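Colleague: Just so you know, the sequences run in chain order A and B.
Per numbering that gives the first Met the number 0, the first sequence starts with residue 0, numbered consecutively.
Per numbering that gives the first Met the number 0, the second sequence starts with residue 0, numbered consecutively.
Worth double-checking, as some hints may not be accurate.
[Unchecked claim] Listed next, the in silico PhoX-like pairs over lysine-lysine satisfying Cα-Cα at most 20 Å (straight line):
(1) K19/B with K9/B
(2) K171/A with K9/B
(3) K70/B with K150/B
(4) K252/B with K272/B
(5) K171/A with K114/B
(6) K64/B with K166/B
(7) K272/B with K171/A
(8) K9/B with K70/B
(9) K114/B with K150/B
(10) K268/B with K252/B
(11) K171/A with K19/B
(12) K166/B with K150/B
None of these hints come from the bench; they were simulated from the model.
In this text, all values refer to a predicted model and were calculated from it rather than measured experimentally.
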Amino acid sequence: MKTQKILAWIAIAIGVIYFFVPLIGTFEFSLRMRRGEYSVDAYQSVFSDMQFRETFGFSMVMALLTIIFGMLLVVPTAYWVRLRLPQIRPVIEFITLLPLVIPAIVIVFGYLRLYNSSSWLPFTGSTSGTNALLVLSYITLSLPYMYRAVDTAMRAIDVRTLTEAAEILGAKWPTIMLRCIFPNVMSGVLSGAFITFAIVMGEFTMAALLNRPAFGPYLQLVGANKAYEPAALAVIAFAITWFSMGLLQLVSRFSKMAPSRP
Amino acid sequence: MSFLALDNIKKSFGQTQVVKDFNMSIEKGEFVSFLGPSGCGKTTVLRMIAGFESPSDGTISINGKNQNRLKTNQRNIGMVFQAYALFPNMTVFDNVAFGLKVAGKPKEEIETRVKEMLALIRLDHLADRYPYQMSGGQQQRVALARALAPKPQVLLLDEPLSALDAKIRVSLREEIRQIQRQLGITTVFVTHDQEEALSISDRIVVMNAGRAEQIGTPSEIYNRPNTRFVASFVGTLNIIEATVVDPSANTVKVGDNTVRLREPVGALKVGDKISIALRPEAGSLSESAKGDTAIVGNVISSHFLGSVIRTKMDVGGNQISFDMFNAPDAVLPQPGEVLTLRFSSGDFLIVRD
């Protein structure tokens, strides 16, 4: 029993060292820009860089649009599948899992072939069109996480009975969706939103190949040309992801909308 | 004219017909229970009244108005679900107010009506609570208040008590009945619990395999079941296989005992087999018992059930159970003991399939 405990602690220690040592090393390195002393010069350099602000802002906007349009697609789909078409559930699950199996580079090449400027739907023919295509591709990438988060939240609330209860009280579809279903799957929606945010902020392939000024390609550019700033950016990227995860935990912990069930 | 009328209702899911030619007329203010085993079609009929399912054939009308073409949200019906179905994101007040808000009622009217409903279910002090902060019984009372708040024409109760524990179930069913009487609302109650149906209904519809086997008052259903199914489903019943001895005298033989039936055996001949039923509470061992008939049998087993002692005895291959009230000095009949069970010939029911 004691040996088992020691072995478990050794395994945990190895895991912690494997994960945290590079991170601490990166953080420590990011503070060494000024010779002979620790400083936050690398962070100042990053934050004062105009390109950082532009790419960060661009990715933020893309992330928000992805979350809004992704949810408009996912929430009604998950609702409808649960309520009326449970038999096509495996098909929807398969489709939403595809982005995990198909590499992003394959998806984006497919998009470029389908939606290039000489195609019948020339998304890449204009900047706004390419931005729209980028949002759509981000929605595709985040589908596995978004769909599952929303679907799990719906599973917890017996969507069918709640819909029927609202319907018999005289409610029509928009009221049912906005006042009875959406608020009750909010924890799932927010979980999906935070994961999507983290994915979009760090995404490289789609943005680089569609030639959009996003944060992912900027990280790569800085990494190739500077010494200390990439380390600072890596720490910032981790902070964003952890912040998103922290919010996700907070949302699920403080969600008071426990299901009403026998 | 009846208030809620179901005429020749049929419902099929694919090749399976789950409701077959269902007819029922319910008067205004009446409390009717649909009683039957799982899968008998009772919930399907209720869901058709609510508008969640549409009948394959037949018409549903309320107050003379055909409901078939109306959507659920146009029918003005209240419903209480087995799983409570309170909106988890809303407080008790908001849950009860939901139907009134959807109907676009003025704020003052909503407030007055919600308070009135919460007072009716005696939960006015919990108006700010969320459903997850309440017990099952309290949640179901809120669900009842929510269903009644918009003043529906008909109240549907879909096994509302089955998720609750035994004591709450009894008190809540009495409360439901009292509120129903107070408001005079036409109510359809679905249950598979015969005691529930017998205790609170004006009339009971016993359903089996998509059909209404018998419609009647609780007393009629219990004391004069029309079919073998109704007889065996409602209450505990001994089904005894007997042989006709004399059709003109209505006498039959059970084991070595010849007993007279009050009900005519009909066109049966001497030696024909006949099934007769006897409730366990009909018989008595007391010699002073009021009864014109007796059968003798051997005790198989005897069980103490609290308020009663149930004894099983063998009479010519038939196992007959009978109940005796418990008394402090009661002695349990022992296996092998020979007993004479006395009862009235009117207690025997001829069972028709």
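Colleague: Hints first: check each against the structure and report whether it holds.
Modeller: Hints, verified against the model:
no. : hint               : verdict
1   : K19/B with K9/B    : holds (5 Å)
2   : K171/A with K9/B   : violated (27 Å)
3   : K70/B with K150/B  : holds (18 Å)
4   : K252/B with K272/B : holds (10 Å)
5   : K171/A with K114/B : violated (25 Å)
6   : K64/B with K166/B  : violated (40 Å)
7   : K272/B with K171/A : violated (60 Å)
8   : K9/B with K70/B    : holds (18 Å)
9   : K114/B with K150/B : holds (14 Å)
10  : K268/B with K252/B : holds (13 Å)
11  : K171/A with K19/B  : violated (31 Å)
12  : K166/B with K150/B : violated (29 Å)
The structure shown violates the earlier hints numbered 2, 5, 6, 7, 11, 12.
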